[in-house]
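Keeping their order, the protein sequence lines are chains R and E.
When you line the first sequence up against UniProt numbering, it's residues 1 to 509, in that order.
When you line the second sequence up against UniProt numbering, it's residues 1 to 393, in that order.
Simulated from the structure, these hints should not be mistaken for laboratory data.
Where hints are given, some of them may not hold.
[As the list claims (entries may be wrong)] Straight-line Cα separation of at most 30 Å, DSS-like style, residue types lysine-lysine; simulated pairs:
#1 R:K398 / R:K351
#2 E:K371 / R:K340
#3 R:K27 / R:K190
#4 R:K351 / E:K313
#5 R:K372 / E:K256
#6 E:K313 / R:K352
#7 R:K351 / E:K282
#8 E:K256 / R:K386
#9 E:K280 / R:K340
#10 E:K280 / R:K408
#11 R:K352 / E:K256
#12 E:K235 / E:K256
#13 R:K372 / R:K328
#14 R:K27 / R:K506
[To be verified] From the structure, some residues in chain R lie toward chain E, with a derived Cβ separation under 7 Å:
#15 F15
#16 N356
#17 I358
#18 V367
#19 S374
#20 E375
#21 G377
#22 L499
[Claimed, not checked] Where chain E lies over chain R, by a calculated footprint (3+ residues, C-beta under 8 Å):
#23 178-191
#24 347-354
#25 378-384
For glycine and all other residues, C-beta sits at the position ideal for the given N, C-alpha and C.
Take a look at the letters that make up each chain.
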Amino acid sequence: MDDNILEMRSITKTFPGVKALQDVTLKVKRGEIHAICGENGAGKSTLMKVLSGVYPHGTYDGDIVYDNEVVEFGDIKSSEDKGIVIIHQELALSPYLSIAENIFLGNEQATRGMIDWNKTNSEAAKLLARVGLAENPITKVADIGVGKQQLVEIAKALSKRVKLLILDEPTSALNDADSEHLLDLLRHLKGQGITSIMISHKLNEIEEIADSTTIIRDGKTIETLDMKADSVTEDRIIRGMVGRDLESRFPDHTPNIGAEVLRIEDWTVHHPIQHERVVVRGANLTVRRGEIVGLAGLMGAGRTELAMSVFGHSYGTGITGRLFMDGKEIHARTVHDAIKHGIAYATEDRKKYGLNLIEDIKRNISVASLSKISERGWVNDNEEVKVAEEYRASMNIKAPGVTAVTGKLSGGNQQKVVLSKWIYADPEVLILDEPTRGIDVGAKYEIYTIINRLADAGKAVLVISSELPELLGICDRIYALSAGRITGEVPRAEATQELLMQYMTKVKD
Amino acid sequence: MAALDSVKTALTKNIRQSGIYIAFVLIIALFAVLTDGTLLTAQNITNIVVQNSYILILAIGMVIVIIAGHIDLSVGSVVAFTGAVAGVLIVRMDLPWWIGVIGALVVGALVGAWQGYWVAFVGIPAFIVTLAGMLIFRGATMVTLGNTQISPFPDTFRNIASGFLNGVLGGDGYDLFTLVVAAAGVAAFAFSQFRERRARQRYQQDVAGMPAFIAKIAAVALVAMAFAWQLAHYKGLPVVLLVLGVLVVVYSAVTKRSVFGRHVYAIGGNLNAATLSGIKVKWVNFWIFVNMGVMAAVAGIVFTARLNLANPKAGQNFELDAIAACFIGGAAVTGGVGTVVGAIVGGLIMGVMNNGMSLLGIGIDYQQAIKGLVLLGAVAFDVYNKRRAGVSR
């Protein structure tokens, strides 16, 4: 019998209306580095949240066997007590506390309620030595780079006597040197008997470091590959990640493609806070009239960042490159200018960035185009109602009326309001970021139909999506983005999920 | 099912919106009974209006600030500062009263621009900027006045707050002019309502039936004329009521119907979405504070004229009364919600309660505590309603 430190048996987790995990099985051997791969939304993070107790026992079906006993975690604390520590993609450090304070946060080294600073700092120094971080424990976390912060997280995990370390996309925010150091550290920890589970999109890293790899797709376990026994290649992993049939979930559409509308040349964007980090590097891209162009990329590839930086510099700093509309160079440094030049961007996060949820449908539709229904600064309320009613009918927004508050609508109807807003703004180029995220299948079909209608009306449409089948189903041409670079451009006829995934996981030319 | 839902929504929405008006009527009725009708005498009604006018003027500016998701703690100090400027110009420098008024308004606008700059373009939270402003402009007041009081003001200036428009058209035991102005106001209201109804019909929207429509206008006319009748029996139409009335009408329209007003609500409702919809958020925020500065100057002029005194200690705690008026009137702490009329009613609720409790001989100590409870109760009611309506975030 194998010596498994962890066995997750037929885990099923349901969210209202969505089956996020279905009968997932995961076996992790003691002392190995186990990688988990899958597309965005495949269920990897959900599985790890089940394991670490974020979703407590009782909210899912199935058993977790850890160290040869069935465990029922009620919260994160109880899983940590057993030595399971998860390090999330977004680091959970308090920036203005010192490294030592962060390491012992929630686990303070205290005697009779008073913190023993000598012990805190000397213990922290020992842990930092173990992770190979040469920093003074009293340094503030805000003053060290992301790579080092990642190491602080691991030191924190070590302080909790970790036996099973879970890392969610540990290298996505790191540069090459820091990534290499992190992978070395994982090997080193493996030597000390610590088991690691690593979620990653970087297949080359997985190939380099993992002992076995489990592939998850659409909330199901597909297979577990032994990275040593089989001669597993990146292609082999990709096949597992995407192997899914294209169903007839997409309306038929014959494109009528005209002249070029939008052209982006040598577009480079830096991170808004960490200025030295390049988020988009030298991107070139065109979209033509009547064309639906896809932008594929995994989490952190820089898709949204590219789109928002084009949309009036609403993301990033140090933006360089040239932007052309209809062959003429434009300078759109504010959202207002971008809209004036005929660019619209419908966000991926409609609740946070797309809608005023306490306001009604009509005012959400009109907000980007108030000049159209106003005269000398005064809004014509009746015209607004008329416009909103037209969109409610044409977009099939299901609501009691245009005075219904958008916060109460379903995801699909909210998305239709967002689309109405931008269609009413009458742009030449529409950038749609994850237009079908969190929407049920029926509404997705409607959204696809709307996108086709826009292209037929001569608009240039750029669709960002994490779902490759969706891009293959609706786009005439697809760009792949990886780590801020455009790594491939594929016309519809040649596009396959495997090919795109290859480009999307390509690290460097 | 959908039809039933829409009826339900309309009902809950209406209760939420009109809850404050119902409370207002109940409070008036309560104190009218408790004071044996003294509350509603001609003299007392006039007093309530004049005593609370400067808070109400501040509340008009404040509600816009609050809808946009900010706060202004400095208005009390700005009232004192602009009053001091008017005092120096009119009394010390012996300039005409209208130069003093213009000077105070300009200074108010500059103060607003100063605060708006820090909030909008530098990005410092309004709480901090206006907390600093509260200290800065209190200090500036003392410097301007040289730490003494300035008085007396000429009658022309004092009339802004204590003057009455009366006798123009005569009248026997009552002032006909007041009644004519009120009637004109009612006629204008009826006309605009009628026009709006016609426009809505042209756009094929649902309108209330004709009997309900006429009943609504008749009710408003009745209350307005009864109010005017009482005023006419006393000294006539207070000048400050006219100022207040014009401000309410103008700012109701600005918040409800102007593009600027829409932008204010959009910013308060979801700042990110507003930015990504192409709204020039920084400039809107800037003008909101300039406007607040001007309104504080108007309040400063009225207050100084009423006391006949420019005083370094003037306007203390006015910001709290103005903010409380907005929240009692249904504005949301998180921004995006609120109306000018709501804020006015909120301010009047406090005013009527102050006045009523004073008439009953309740001490200032109890008055403060009761006012606090009313504020807490009003906001709790709002929070409860929102939770029931199920609007998330």
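How the hints compare with the structure:
1. Straight-line distance between C-alpha atoms of R:K398 and R:K351 comes to about 18 Å, which keeps the hinted pair within the 30 Å bound.
2. With a C-alpha separation of about 50 Å, the suggested pair E:K371 and R:K340 falls outside the 30 Å cut-off, and the hint is violated.
3. For the given pair, R:K27 sits about 17 Å from R:K190 by alpha-carbon distance, which is consistent with the 30 Å threshold.
4. For the proposed pair R:K351 and E:K313, the alpha carbon gap of about 46 Å is over 30 Å, so the pair is violated.
5. For the hint pairing R:K372 with E:K256, the CA-to-CA distance comes to about 17 Å; that is within 30 Å, so the pair holds.
6. Of the supplied pair hints, the one linking E:K313 and R:K352 is violated, its CA atoms being roughly 44 Å apart against a limit of 30 Å.
7. Distance restraint check for R:K351 and E:K282: the Cα-Cα separation of roughly 22 Å lies within the 30 Å cut-off, and the hinted pair is therefore satisfied.
8. Taking the CA atoms of E:K256 and R:K386, the gap is near 18 Å; set against the 30 Å cutoff, the hint holds.
9. Taking the CA atoms of E:K280 and R:K340, the gap is about 13 Å. The hint holds against a cut of 30 Å.
10. The suggested pairing of E:K280 with R:K408 holds, with an alpha-carbon distance near 27 Å, which does not exceed 30 Å.
11. For the given pair, R:K352 sits about 25 Å from E:K256 by alpha-carbon distance, which is consistent with the 30 Å threshold.
12. A C-alpha spacing of about 34 Å is found between E:K235 and E:K256, which places the hinted pair above 30 Å, so the restraint is violated.
13. Between R:K372 and R:K328, the direct Cα distance comes to roughly 25 Å. Compliance with the 30 Å bound is thereby established for this hinted pair.
14. Restraint check for R:K27 and R:K506: the C-alpha separation of about 28 Å stays at or below 30 Å, so the hint holds.
15. Interface hint status for R:F15: violated, as the beta-carbon distance to the closest one in chain E is roughly 16 Å, over 7 Å.
16. Interface restraint check: R:N356 against chain E, minimum CB-CB distance 4 Å, threshold 7 Å, status holds.
17. Checking R:I358 against chain E by beta carbon gives a least distance of about 5 Å; that is within 7 Å, so the hint holds.
18. Against a cut-off of 7 Å between C-beta atoms, the interface hint on R:V367 holds, since the closest Cβ of chain E lies about 5 Å away.
19. This hint holds: R:S374 has a C-beta 5 Å from the nearest C-beta of chain E, less than the 7 Å allowed.
20. Taken as an interface hint, R:E375 does not check out: its beta carbon lies about 10 Å from the nearest beta carbon of chain E, beyond 7 Å.
21. Interface restraint check: R:G377 against chain E, minimum CB-CB distance 5 Å, threshold 7 Å, status holds.
22. With a cut of 7 Å, the hint placing R:L499 at the interface with chain E is violated, because the nearest CB-to-CB distance is about 33 Å.
23. Under a criterion of three residues with beta carbons nearer than 8 Å to beta carbons of chain E, the stated coverage of the stretch 178-191 of chain R fails, only 0 such residues being counted.
24. As drawn, the stretch 347-354 of chain R meets chain E at 5 residues by the rule of a beta-carbon pair under 8 Å; at three or more, the given contact holds.
25. Coverage of the stretch 378-384 of chain R by chain E holds in this model, with 5 residues showing a Cβ closer than 8 Å to a Cβ of that chain against a need of three.
Violation of the numbered hints given earlier is confined to hints 2, 4, 6, 12, 15, 20, 22, 23; the remaining hints are satisfied by the structure.
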